[in-house]
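S.K.: Chain by chain, the residues run as shown.
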Amino acid sequence: MTTLSTKAHSEPAVYVYEAPVRLWHWINAAAITVLAITGYFIGSPLPSLSGEASDYYLMGYIRFAHFAAGYVLAFGLLGRAYWAIVGNSHAREIFLHNILKPSYWGGLWHELKWYLFLTKEPRKYSGHNPLAIFMMHWMYVWGTVFMIFTGFAMYGEGTGEGSWAHSLFTVWLIPLFGQSQDVHTWHHLVMWWIIIFVIIHVYVAIREDIMSRQSIVSSMISGWRTFKDEGKIDND
Amino acid sequence: MPETFYDVMRRQGITRRSFLKFCSLTAAAMGLSPIYAGKIAHAMENKPRIPVLWLHGLECTCCSESFIRSAHPLAKDVILSMISLDYDDTIMAAAGHEAEAIVDETIAKHKGKFILACEGNPGLEEENTGGMSCIIAGKPYTEQLRHAANNAMAIISWGSCASWGCVQAAAPNPTGATPIHKVPGIGNAPIIKVPGCPPIAEVMTAVITYMLTFERLPEMDRQGRPKMFYSQRIHDKCYRRPHFDAGQFVEKWDDEAARKGYCLYKMGCKGPTTYNACSTIRWNGGLSFPIQAGHPCIGCSEDGFWDKGSFYDRLTTINDFGIEANADEVGMGAAAVVGGAVAAHAAISALKRTQNKGDHES
Ligand code: HEM
Ligand code: SF4
Ligand code: SF4
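If you read the protein sequences in the order shown, they are chains A and B. Sequence positions in the first sequence follow our numbering and run 1 to 236. Sequence positions in the second sequence follow our numbering and run 237 to 598.
There may be inaccurate statements among the hints.
[To be verified] Taking lysine to aspartate or glutamate and the DMTMM-like style, the derived pairs with C-alpha atoms no more than 20 Å apart in a straight line are:
id, chain 1, residue 1, chain 2, residue 2
1, B, K588, A, E208
2, B, K463, A, E161
3, B, K588, A, E111
4, A, K124, A, E208
5, B, K588, A, D209
Simulated from the structure, these hints should not be mistaken for lab results.
Please model the complete structure; the sequences and the hints are all you need to start from.
M.R.: Following this line, the structure appears as structure tokens:
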């Protein structure tokens, strides 16, 4: 499309997302998709089936898929947190970032201006930009942690007293919310919080891919961040 | 020697046979092995009756109504005389000053040794506004409660009112109705909650029998409910559960599925979030329980069950947004707003991009 007006230039590249991070990203995306769909149908089940109960296990399978994907999500997050410790510095970004550093907030402000069309150029980052870090940390990481805690608390209600999920989560989390029904409601509400994150995340990733000076979507596949020009990398 | 339970039962004309039957049924209800039937019988024959003060605050008396319908053996006479109910303004014979004198007398005579059974709860708002919402013999109920509670060995919070607040504490709770464990200044006696609106009669008698037999409180969960009756949800032991797992639901009150007895989940059944023994012990002597009669569980033994929207909706109504909505309506609304914003943003981005193309990439 742009070939007509684009001069020949080189595209520098940095290796950002190591294999475990990329693998996690896509497995996790699949798990969340399964969780959101099955979760929705747990709250509002499909039309009733007639015939013998022993012939079907529809709700059972839906719930099973939900719990299986729940385990994937939970152990995925644990594995990802481990990689944040042993992996490269970019693997740490969504968990830990220095919010006391003025340049972080400066970068966040600049990025906001870029999204409000108040500045012509975004800065260049090899990892995530400060706004992305902000969203991923606060909306995604904490949203997921919340879902895992409330999810396993409800799971423990089914597996019952003495099960690990019951002892680890149900025992304190249900009284904290008051009763089980509110835990269901919050678990349900935060699903929408995560869906909203996904909408923004997918939009921004594609938009950045097109409009910014770095690759986004392909980086999560290949691991390499390529830059569309040779300007300096801002980072923070 | 003071009268024992057994003495009273015999005096009431209960045969030894039905007495033993009561002991084994109670052991079974508590989930104990059959040997405990003997222990219960032994305790009943030898231990003096525990004095019980049964006080009523803001309530509907459904707990008393349930209690006197306990199935075994001949509830209306025996259960009531089993414990020495020294004061219960609903069913005692005495009235007026004479009756009120019994409260002080019991407290003085059995200081630290009686059980305080609370039905209903106090309205604390009267302390703030000087209004009155529950006056017993000319004095606020709160006073009577505090006086008795501070001298009791243990407190039983009967029903959802005493345990959680129930209907009188439902928003906006004009009287400031407060469950017993949250009332300031009631001392340190252990509190056992027996929630339900009302609680099942067999559960009520079993809790008292347990306390008498083993001279301690039954094992309780974090929220102070006896584990033997409140550690599982209605849903965990519901006989309609196979229909739930199969995905067979009642969709309308008069549909074929309702006649066939399918799961009531879509009719708003709160069984999956309600801890109670209805699906195992059932009601009216094990005859039936609401779900068996074709009505969803309304979650009557759970904290705040009046404030969670319709009994007939699966998803909780959330009122905090000024409008009534459930989690899906709130979530979809928010997602639609964000989706709209994203679309608008994408359109502006595309526009800017065409405008800037020249100077950006030349
Ligand atoms: C992104 C993550 C997740 C999403 C979007 C999600 C979504 C949902 C939704 C919408 C419901 C229905 C709630 C209701 O209205 O009653 C639900 C129920 C439930 N979820 Fe999740 N969930 C997630 C993670 C988890 C995890 C990690 C677990 C842990 C095993 C879990 C376990 C459960 C359980 C046990 C229920 C209740 C099932 C029932 O009542 O039959 N969820 N989930
Ligand atoms: S009727 Fe209620 S308690 Fe029984 S299986 Fe269905 S949802 Fe669960
Ligand atoms: S079935 Fe549910 S609503 Fe009915 S009495 Fe039992 S706990 Fe209460």
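S.K.: Which of the listed hints are not met by the structure?
M.R.: none
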